[in-house]
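Just so you know, the sequences run in chain order A and B. Per our numbering, residue 117 is the first one in the first sequence, and the count goes up by one each step. Per our numbering, residue 117 is the first one in the second sequence, and the count goes up by one each step.
Calculated directly from the structure, the hints in this document are not laboratory data. Quick caveat, the model's predicted, so the values are computed rather than measured. One or more of the hints may lead you astray.
Copies of one chain are not kept apart here, so a pair can be met inside one copy or by any two copies together.
Said to hold, decoys possible - Straight line, CA to CA, 30 Å or less: simulated DSS-like cross-link-like pairs of lysine-lysine:
no., residue 1, residue 2
1, Lys215, Lys433
2, Lys262, Lys350
3, Lys291, Lys350
4, Lys344, Lys160
5, Lys156, Lys400
2 protein chains.
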Amino acid sequence: MKRLVNDGYDVVEEMLEGYVAANSSYVKLDEENPRVVVSKVISKEERVRIIVGGGSGHEPLFLGYVGADFADAAVVGNINTSPAPDACYRSVKAVDSGKGCLYLYGNYAGDVMNFDMGAEMAMEEDGIRVETVLVTDDVYSAKDKKNRRGVAGDVPVFKVAGSAAARGYDLDTVKTVTEKANNNTYSMGVALSSSTLPVTGKAIFEMADGEMEIGMGIHGEPGIERIKIESADKVIDEILTHILKDSKITSGDEVYVLVNGLGGLPVMDQYICYRRVHQILEEKGIIIHRSEVGNYATSMDMVGLSVTLVNLDEEIKELLDYPCDTPYYKIAKDSKFRFKK
Amino acid sequence: MKRLVNDGYDVVEEMLEGYVAANSSYVKLDEENPRVVVSKVISKEERVRIIVGGGSGHEPLFLGYVGADFADAAVVGNINTSPAPDACYRSVKAVDSGKGCLYLYGNYAGDVMNFDMGAEMAMEEDGIRVETVLVTDDVYSAKDKKNRRGVAGDVPVFKVAGSAAARGYDLDTVKTVTEKANNNTYSMGVALSSSTLPVTGKAIFEMADGEMEIGMGIHGEPGIERIKIESADKVIDEILTHILKDSKITSGDEVYVLVNGLGGLPVMDQYICYRRVHQILEEKGIIIHRSEVGNYATSMDMVGLSVTLVNLDEEIKELLDYPCDTPYYKIAKDSKFRFKK
Numbered sequence: 117m118k119r120l121v122n123d124g125y126d127v128v129e130e131m132l133e134g135y136v137a138a139n140s141s142y143v144k145l146d147e148e149n150p151r152v153v154v155s156k157v158i159s160k161e162e163r164v165r166i167i168v169g170g171g172s173g174h175e176p177l178f179l180g181y182v183g184a185d186f187a188d189a190a191v192v193g194n195i196n197t198s199p200a201p202d203a204c205y206r207s208v209k210a211v212d213s214g215k216g217c218l219y220l221y222g223n224y225a226g227d228v229m230n231f232d233m234g235a236e237m238a239m240e241e242d243g244i245r246v247e248t249v250l251v252t253d254d255v256y257s258a259k260d261k262k263n264r265r266g267v268a269g270d271v272p273v274f275k276v277a278g279s280a281a282a283r284g285y286d287l288d289t290v291k292t293v294t295e296k297a298n299n300n301t302y303s304m305g306v307a308l309s310s311s312t313l314p315v316t317g318k319a320i321f322e323m324a325d326g327e328m329e330i331g332m333g334i335h336g337e338p339g340i341e342r343i344k345i346e347s348a349d350k351v352i353d354e355i356l357t358h359i360l361k362d363s364k365i366t367s368g369d370e371v372y373v374l375v376n377g378l379g380g381l382p383v384m385d386q387y388i389c390y391r392r393v394h395q396i397l398e399e400k401g402i403i404i405h406r407s408e409v410g411n412y413a414t415s416m417d418m419v420g421l422s423v424t425l426v427n428l429d430e431e432i433k434e435l436l437d438y439p440c441d442t443p444y445y446k447i448a449k450d451s452k453f454r455f456k457k
Numbered sequence: 117m118k119r120l121v122n123d124g125y126d127v128v129e130e131m132l133e134g135y136v137a138a139n140s141s142y143v144k145l146d147e148e149n150p151r152v153v154v155s156k157v158i159s160k161e162e163r164v165r166i167i168v169g170g171g172s173g174h175e176p177l178f179l180g181y182v183g184a185d186f187a188d189a190a191v192v193g194n195i196n197t198s199p200a201p202d203a204c205y206r207s208v209k210a211v212d213s214g215k216g217c218l219y220l221y222g223n224y225a226g227d228v229m230n231f232d233m234g235a236e237m238a239m240e241e242d243g244i245r246v247e248t249v250l251v252t253d254d255v256y257s258a259k260d261k262k263n264r265r266g267v268a269g270d271v272p273v274f275k276v277a278g279s280a281a282a283r284g285y286d287l288d289t290v291k292t293v294t295e296k297a298n299n300n301t302y303s304m305g306v307a308l309s310s311s312t313l314p315v316t317g318k319a320i321f322e323m324a325d326g327e328m329e330i331g332m333g334i335h336g337e338p339g340i341e342r343i344k345i346e347s348a349d350k351v352i353d354e355i356l357t358h359i360l361k362d363s364k365i366t367s368g369d370e371v372y373v374l375v376n377g378l379g380g381l382p383v384m385d386q387y388i389c390y391r392r393v394h395q396i397l398e399e400k401g402i403i404i405h406r407s408e409v410g411n412y413a414t415s416m417d418m419v420g421l422s423v424t425l426v427n428l429d430e431e432i433k434e435l436l437d438y439p440c441d442t443p444y445y446k447i448a449k450d451s452k453f454r455f456k457k
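Chain A with its partners taken away, still in its complex shape (with noise of 0.2 Å):
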């Protein structure tokens, strides 16, 4: 096993340990459930409280977007397990001010379950409303759009959310701009490698060097059919005419772009597979409008990479620009990747 751990059982508590101490200024852990990262330079207004999470293994997915004007808190499970309920209740309690919370995450049934009962807890025990949007990009994962999972396209939808939160939209208001962000969302990834488990020291599933799999999730859901690595070109040709005949996205139309590494993927492999997307648009006419290339959500030490469009309208494009700041998503007010290019 080529990770750098101490006990296997361990490995998220001492990954929150490190994350919170290395960013103190941004976030805490919630006093009463250490699973719950909160931000401490939440907005003083009362306004909607916008929590993210799931399962450990995808940093800085999901606890790296808490901080100012993003998601308020973020709900830690073990790797690739889902949070418990009582930590998804607690982080209500956490950071409600009044205006209700929602609560965002990629749709995996153990998601579903745990954060649904955190909900009916905050609403029984509290009278605190909280709505949920899944986020479902993954094109590759189901037909219909809404039983698909949720993978990189997590981080421009839940931007989406915490930029509306941010302008002082109501609940519903931020619910029904946040399910527009995810429905005009689609992601198709592809994996060289497995990640490595910490605990029993072996890859989750085997993959001989040399292999691939287009198609495949972030936890080794099965994709297209395992095959001999193809060229970065070939990759991104089979990926996006997934996405863009999924998504209808075509001549015209202007989008957010993501280049999302799983882990072990170089940056300078992401910029050739990216230089290619961004060919592939250019010459079927589809408005780049802003493009981000880099880890955003992993899979720890997976090779591979997924590429996220985002179908965008004025008010999204809006809000996917809104200033933040969290440890690992920085907008400044005068930020200069707003300047014409």
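With chain A fixed as given, assemble chain B onto it according to the hints.
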């Protein structure tokens, strides 16, 4: 090979093409020399210009720090290879505003030779004064500080230079404060694997599964010894013992900390390691001003990390925290990390 590339000989050009496309609001390739990445948001003031560079394969170093109020240009070599002298020269012509330029790069023989030639050409051909500060932070690479290699300490040392130039200091003053920052910067790394060369499809050096080498350089330069992978805490204990002994950083001193992933190490492990760094520094009464954790200076897909400490005085601290805006380094004027913790 678990890489996503096209022809191995094209990786640098394709990476650059993707990089400037994705970050086109910040940077462009120089029209005359496409191995020079130039800021599009360069200050309109006449200022000392900061030029960084070195071999490719360390992304986001060097080009990721070109933008506003940090580096003004980066000169790009092939993988693990210094940039050509004409590219070094051209970078000066591309950005000089009449106040001279400072070259900043890690201390490697090829880089020194080629950047020095670039500086001579700038003086002889154009009368532009170019000074140099070599970054020499790798404590294990040589006994004498001035003979040491530059590793992730590049990032804070570059930052100090960029801030000093942004404040309008003259070339001698920028150089002096940058030298001071370098003299106060100490790093040491550990590698659990080699990086993979795209042209050969092979590792640069062999390292068996389950092995590691503390003190190894980012191109595979030899470390202390090849041993079985130890726990994160033991690895950090050894690294910090070397750094603290060499730097003489002690109780009451104030430091900036960078835990830098080398490309293939999960964020989770980086924070588990940061946790131990934080514990040790707190135990010793060393004051942590600010910490950063992430992939800042990588070696493609190498699994490993380095720890960097910068011993701070008020001047270096202010310059490290000075606002800037680049694709991979952003400090907003109202950044939350400035809040009292």
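Structure-based check of each hint:
For the identical chains of this complex, Lys215 and Lys433 are intra-copy neighbours only, at 25 Å inside a copy versus 40 Å across copies, given an alpha-carbon limit of 30 Å. Taking identical chains as interchangeable, the C-alpha atoms of Lys262 and Lys350 lie at most 30 Å apart only when both belong to the same chain, with a minimum of 29 Å there against 47 Å between chains. Taking the closest pair of Cα atoms, Lys291 and Lys350 never come within 30 Å of each other, the shortest separation being 37 Å inside a single copy and 47 Å across copies. Neither within a single protomer nor between protomers do Lys344 and Lys160 lie at most 30 Å apart by alpha-carbon distance, with minima of 54 Å and 51 Å respectively.
Taking the closest pair of Cα atoms, Lys156 and Lys400 come within 30 Å of each other only across two copies (27 Å); inside a single copy the shortest separation is 44 Å, beyond that limit.
In terms of the numbered hints stated before, the structure departs from hints 3 and 4, listed from lowest to highest.
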